[in-house]
Each structure stands twice: as structure tokens, then as C-alpha cells.
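Read off the chains here:
There are 2 protein chains.
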Amino acid sequence: MDFVKELMFLKEQLKFRGIFDVPRNIKNIAIAGMGGSGVAGKIFSEFYSDRPVSLIDDYALPKFLSKSTLAISISYSGNTEETINFTKYSKRKGAFCVTISSGGELSSYGDQHIRLPRSDLQPRSATGYMLMPLLSSFGILSNNEVKNSYKLLSSLDKDHSKCADEASRINHGEKIPVIYGASPFKSIAYRWKTQFNENSKIMAYSNSFPELNHNDTMAIYGTYRKNDLYFIAFGSTDAKIKRRIAVTSKITGTRFSLINPQGSTDIEKMFYLLHYGDYVSYHLGLLRKIDPTDVSLIEKLKREIKSTTIS
Amino acid sequence: MDFVKELMFLKEQLKFRGIFDVPRNIKNIAIAGMGGSGVAGKIFSEFYSDRPVSLIDDYALPKFLSKSTLAISISYSGNTEETINFTKYSKRKGAFCVTISSGGELSSYGDQHIRLPRSDLQPRSATGYMLMPLLSSFGILSNNEVKNSYKLLSSLDKDHSKCADEASRINHGEKIPVIYGASPFKSIAYRWKTQFNENSKIMAYSNSFPELNHNDTMAIYGTYRKNDLYFIAFGSTDAKIKRRIAVTSKITGTRFSLINPQGSTDIEKMFYLLHYGDYVSYHLGLLRKIDPTDVSLIEKLKREIKSTTIS
Chain A
23 MDFVKELMFL KEQLKFRGIF DVPRNIKNIA IAGMGGSGVA GKIFSEFYSD
73 RPVSLIDDYA LPKFLSKSTL AISISYSGNT EETINFTKYS KRKGAFCVTI
123 SSGGELSSYG DQHIRLPRSD LQPRSATGYM LMPLLSSFGI LSNNEVKNSY
173 KLLSSLDKDH SKCADEASRI NHGEKIPVIY GASPFKSIAY RWKTQFNENS
223 KIMAYSNSFP ELNHNDTMAI YGTYRKNDLY FIAFGSTDAK IKRRIAVTSK
273 ITGTRFSLIN PQGSTDIEKM FYLLHYGDYV SYHLGLLRKI DPTDVSLIEK
323 LKREIKSTTI S
Chain B
23 MDFVKELMFL KEQLKFRGIF DVPRNIKNIA IAGMGGSGVA GKIFSEFYSD
73 RPVSLIDDYA LPKFLSKSTL AISISYSGNT EETINFTKYS KRKGAFCVTI
123 SSGGELSSYG DQHIRLPRSD LQPRSATGYM LMPLLSSFGI LSNNEVKNSY
173 KLLSSLDKDH SKCADEASRI NHGEKIPVIY GASPFKSIAY RWKTQFNENS
223 KIMAYSNSFP ELNHNDTMAI YGTYRKNDLY FIAFGSTDAK IKRRIAVTSK
273 ITGTRFSLIN PQGSTDIEKM FYLLHYGDYV SYHLGLLRKI DPTDVSLIEK
323 LKREIKSTTI S
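Residue numbers (the working numbering), protein chains in the order written: chain A, 23 to 333; chain B, 23 to 333.
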């Protein structure tokens, strides 16, 4: 599929539910996922905190897993080495296992398997599919929010000229984007970073308010190569965060490119910001005359790792 | 105190224990801390997973807190707004509260308060003090490891010329450090980033294996400004991580500066890598002819935020 068609397909993914059972006796939740498949868990963890949520993006596995744990494994392909490793471990520990994938090895594991409707997308273009089961199963988003988010994504699909302008400003002077979010959009700042990595093939860095005020602040003011960096902050309606952005900008003498999310709830704003970053990174890829779709190097690396693991 | 004397004082902090009670009925742990005081919790969470550990560096607070929660608040000054906010919340939720500080408002809260021996250090130079109560109370480090870590830190204190060389290579060409760690040293990679921010006043970025192989990899290969970046990776004895570093370096055509930790256990290696980064960032500050101690801008920002919050 053409990459821009993939991007436009995000809104259609909102129609998917993929509801799984959440056993009542569950005391904690562990969600495993890498890269584009890991973002779903990261987003979810900013909207749900009724129980502790641990995110696993590693070979290292937490000891606390037990039959009181809901272990959720997410991999679009279903064949991610680290995620399969976690799934086997969580089964051994007696956790209630949910697997979410479009097929692959993961589909044969799990007390419950959620099969995603399509397997022909890039994992990072299937975030909607991987996120919806989490939000739906825990009753986090309303039908109204789905409807409104669909409209917001459609409007960006129709007109992403502002995203193209943003990309052009980054590309002019070959700047390294620094993306600052704040709860509940920290994971979206990280998502922008990964999209710049994969779609635009450039380095990028994300952090969040208020944590960045305890370290980055010194660098924003005094770093060398300051003019080689491009500072982006997500606009916030939270008075404390708004104030922090303004004060940080003032005392460091730095202009932030403010991305103000549309939408009336945090979920709607989250989808808007997510998609906005999709288009900025896409346009930057085009401006650089590289193929936004191509992640052959990641695939090559996976093969090389695998071949050595087997031998 | 002279900044290099502060750095040399880290080893003395290993003699501090600061043991607090861990009630038996505790089901989960939440640790709050910002910046230099937040690093202690981040390090601890890589060495302890018998129960879910949630790290809080935000105004946003998790709903799951209850009387089954051990809530640990860490602030060197004891006056960090976000951390006090968390502490009040955790008391309201009935959690067992432990506060760790050298004084300040935090010392009047908590079912147990751990008073740190000195209040005249920079928070980021007191990591040992803030980390030891966590490692000691959960029985994570042995007397032998304390002894060996003391020796390792002493040897770096006596000769940090390799750190100065590293700093010089970064400063030559004014490069932006990209620091790659792997479990259980991800938080140390983040620590290096924050030390570059505060001691050297430069931007820096950290990530970890294997997650970075799902996004950064594309950028390491194809990004613009590649020669403006300086790639650092912590050497590992884990076969999988070792392999990933080698393959990533090969397929992206990128040289990583490998920092191989001394020490015979992960705790010892952790302290060695931590201190190594202290000295690299310190020397880079000197090379840039700026004062590594100065974080006046962070203090100014705190005052500005506070004044608006009150009015």
C-alpha cells in the first residue's frame, strides 16, 4: 500500500474493538511490545492507572508476574523475538495471557488471542489496531470520542499542509527535532521521535514536562549547536504545564514550535497529536527524497540477530 | 564544595544505609523523584522486580495507590514541588509513606523519614545517598559489593584521564552525545544524558538496546548531521546485547565508543558506569570553559513557577 494511504487508514482502525476479558482478580498488568508495537502500551499507560502497569521492551523480565497478573503481548507481525520471549515467560508464571497480533507465532499463545484485521500494514501504521483493544477492554474511550477522533483524523488526512510546513522548517538547516510532551501525551512525544527515525530517517529526541525542567533546561539555554536543534512542544490546557512551557521558553531564550491539539477530550487530542506527527515525519521523508516506507535495515538487523541466535 | 570534591565524595556515600521498613503486606511500590533525585528510583527499578515498581516524575498521579502501596518520595532538598504533591496524595490514599531527603518540607511527612547525612551537595552529586536506602532496605547489595564498588570509585577518582579523553573527543567538533545502555544499565545511560545537560550544558540523548533497534537504527544509518553526533554504548557481557551492538555498528557503518564497565557484579558495574559518566560530563564542562556546578537557571525556573503558583 502507498504510504500516505497507510497513514489515511489510521482513522478506519478506530472502528476495531478487539475486546478481551480482564479477570476480576487481576492485581497488576504487564504489557510487552517493541518499537511501533510498543507505543500502544505506552499510550495506554497514560490513560489507565487503576492498577500498576509495567511496560516491557526488553529481554529483562520482571519477577512479580503471577496468576494475579494480566500479561498483554503486542506485536503486529506476531514474530517479535523479545515479545515472544515475554509471552512464554508470563505463561510459565501463570499469568492470564492476552496476545494481540495480526498472525505469526504469537497467535498460537495466550489464554485469549486478539487477531488484528489486516497484516499488510507497517507495524507503525497499525497503532490504532493495537491501541483499540487496550482502550476498549478497559472502557477508556466512549463512542462519542471514537466519532470525534475519526473526524479529527479525517480533517488531517484532507489537509496536512501545516505538517508539511513544519517538516520544511525542520529540513531547512537539517535540524534535529527535540519534542517535548506532557502527561497524558508523553508517549506521543516519544512516538514522534520514532516516526522521525523510521519515516524521515533522522535522529530525534523526546522528553517531557516537568522532568525536563530538571535537566534539559540547562542545555536548552547553553548548549553548542543550539541552532541545529528544532524545539517542538505540545500545547497544553493544564495551567501548570502551560506556565512551564512559557517560563522555559523565556528564561532559555528559546522559541518552541507549539503544536496545539484539536479535540475536546484528552483521548481526542491524543489521536490528533499522534496523527500530526505521522504527517510531519512523512513530509520530512519526502523533502529528504528518501522512501518513508523503507525500514529494510531494521529487517536486516532482525535477520542477522536471529541467524546468530539459532547457530 | 569544589565540584570535583563533590564527585569524589560519591564513594563515601556508599557507607550510608538508611534502611526503612518494608511492610509485608505491600503489593506494589511507587517511587517519586525528579531529575537528580529521580535517578535513584530509576536505577533501583532495574535491580528489583519482586513487586511492580511505578516511577513518578510528574504532576499526574496513579489511581492504584492504596494501603497496599509502599510510596517512596525522594528529593534531596526535600522541597521539590512535584514530589511533595505526590507525598500528600499518597498519604490521602493510605499508602505506607517513606520520605528520603536531607531536610526541607518532605522531612515532616512520611510514616518513616530517612534523613540524609548532608544537605550541602548538589542533588545530582548525592545519588549514592538517595540510592543506598533503596538498595539496602530491599537487601539488593552485599557488603562485598559495597567494598568493591568503593574501590572502583576510588580508582576512577585517582585517574579519570580516560574520561577526560572521551570528553575531548566529544568537544572536538562540538558533538551531541547519544548514549546507549542495556538492562540493568538503561537508567545509567539516562543519567549520563542528564549529567551532560547539567554539568556540560549540552544537549544529549539516551536510549537502550534492544528497543533502539526498532527505531533509532534507521536514523543511525541515514540521518543528516551524523558527523555531529557521538555514539556511546556501554559494553555488555550479555551475549544477546553484545551481538546487537556489533550488528548495529556493522549494518549502520557506525563506530560506537564502547565503555566497558569494571566490576564483577551488575551492582559494581552500575556504580562504575555511573561515576565514569560523572567525570566525562565534568571534563566536558571544563573544556567548554563553563562552570559544571552552575544550575542557576533551573533554580530560577523553580522560583518563577513557584511565584506564579502562589499568586
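Any given hint could turn out to be false.
The list treats identical chains as interchangeable, and a pair is accepted whether it falls inside one copy or across any two copies.
What the hints assert, rightly or not - Restricting the straight-line Cα-Cα distance to at most 27 Å, the calculated cross-link-like pairs of lysine-lysine (DSS-like) are:
hint, residue 1, residue 2
1, Lys-110, Lys-264
2, Lys-311, Lys-272
3, Lys-27, Lys-115
4, Lys-184, Lys-169
5, Lys-27, Lys-311
6, Lys-184, Lys-49
These are calculated hints, taken from the structure and not from any lab test.
**Message:** If the cut is 27 Å between Cα atoms, do Lys-27 and Lys-311 qualify within a copy, between copies, both or neither?
**Reply:** Intra 18 Å, inter 52 Å, cutoff 27 Å: intra-copy only.
**Request:** Measure nothing new, just compare the shortest in-copy and cross-copy C-alpha distances for Lys-311 and Lys-272 to 27 Å and report within, between, both or neither.
**Result:** The answer is between: 24 Å across copies meets 27 Å, while 36 Å in one copy does not.
**Message:** Cα distance capped at 27 Å. Does Lys-110 pair with Lys-264 within a copy, between copies, both, or neither?
**Reply:** This pair counts as between: shortest inter-copy Cα distance 23 Å, intra-copy 44 Å.
**Message:** When Cα atoms must be at most 27 Å apart, do Lys-27 and Lys-115 count as within-copy, between-copy, both, or neither?
**Reply:** Intra 41 Å, inter 48 Å, cutoff 27 Å: neither.
**Asked** Quick one: Lys-184 to Lys-49, C-alpha cut-off 27 Å, is that within a copy, between copies, both, or neither?
**Response** For Lys-184 and Lys-49, the Cα distance exceeds 27 Å both inside one copy (44 Å) and across copies (48 Å).
**Message:** At most 27 Å between CA atoms: does that hold for Lys-184 and Lys-169 within a copy, between copies, both, or neither?
**Reply:** within (23 Å within a copy, 58 Å between copies)
Consistency note: the structure conflicts with the earlier hints numbered 3, 6.
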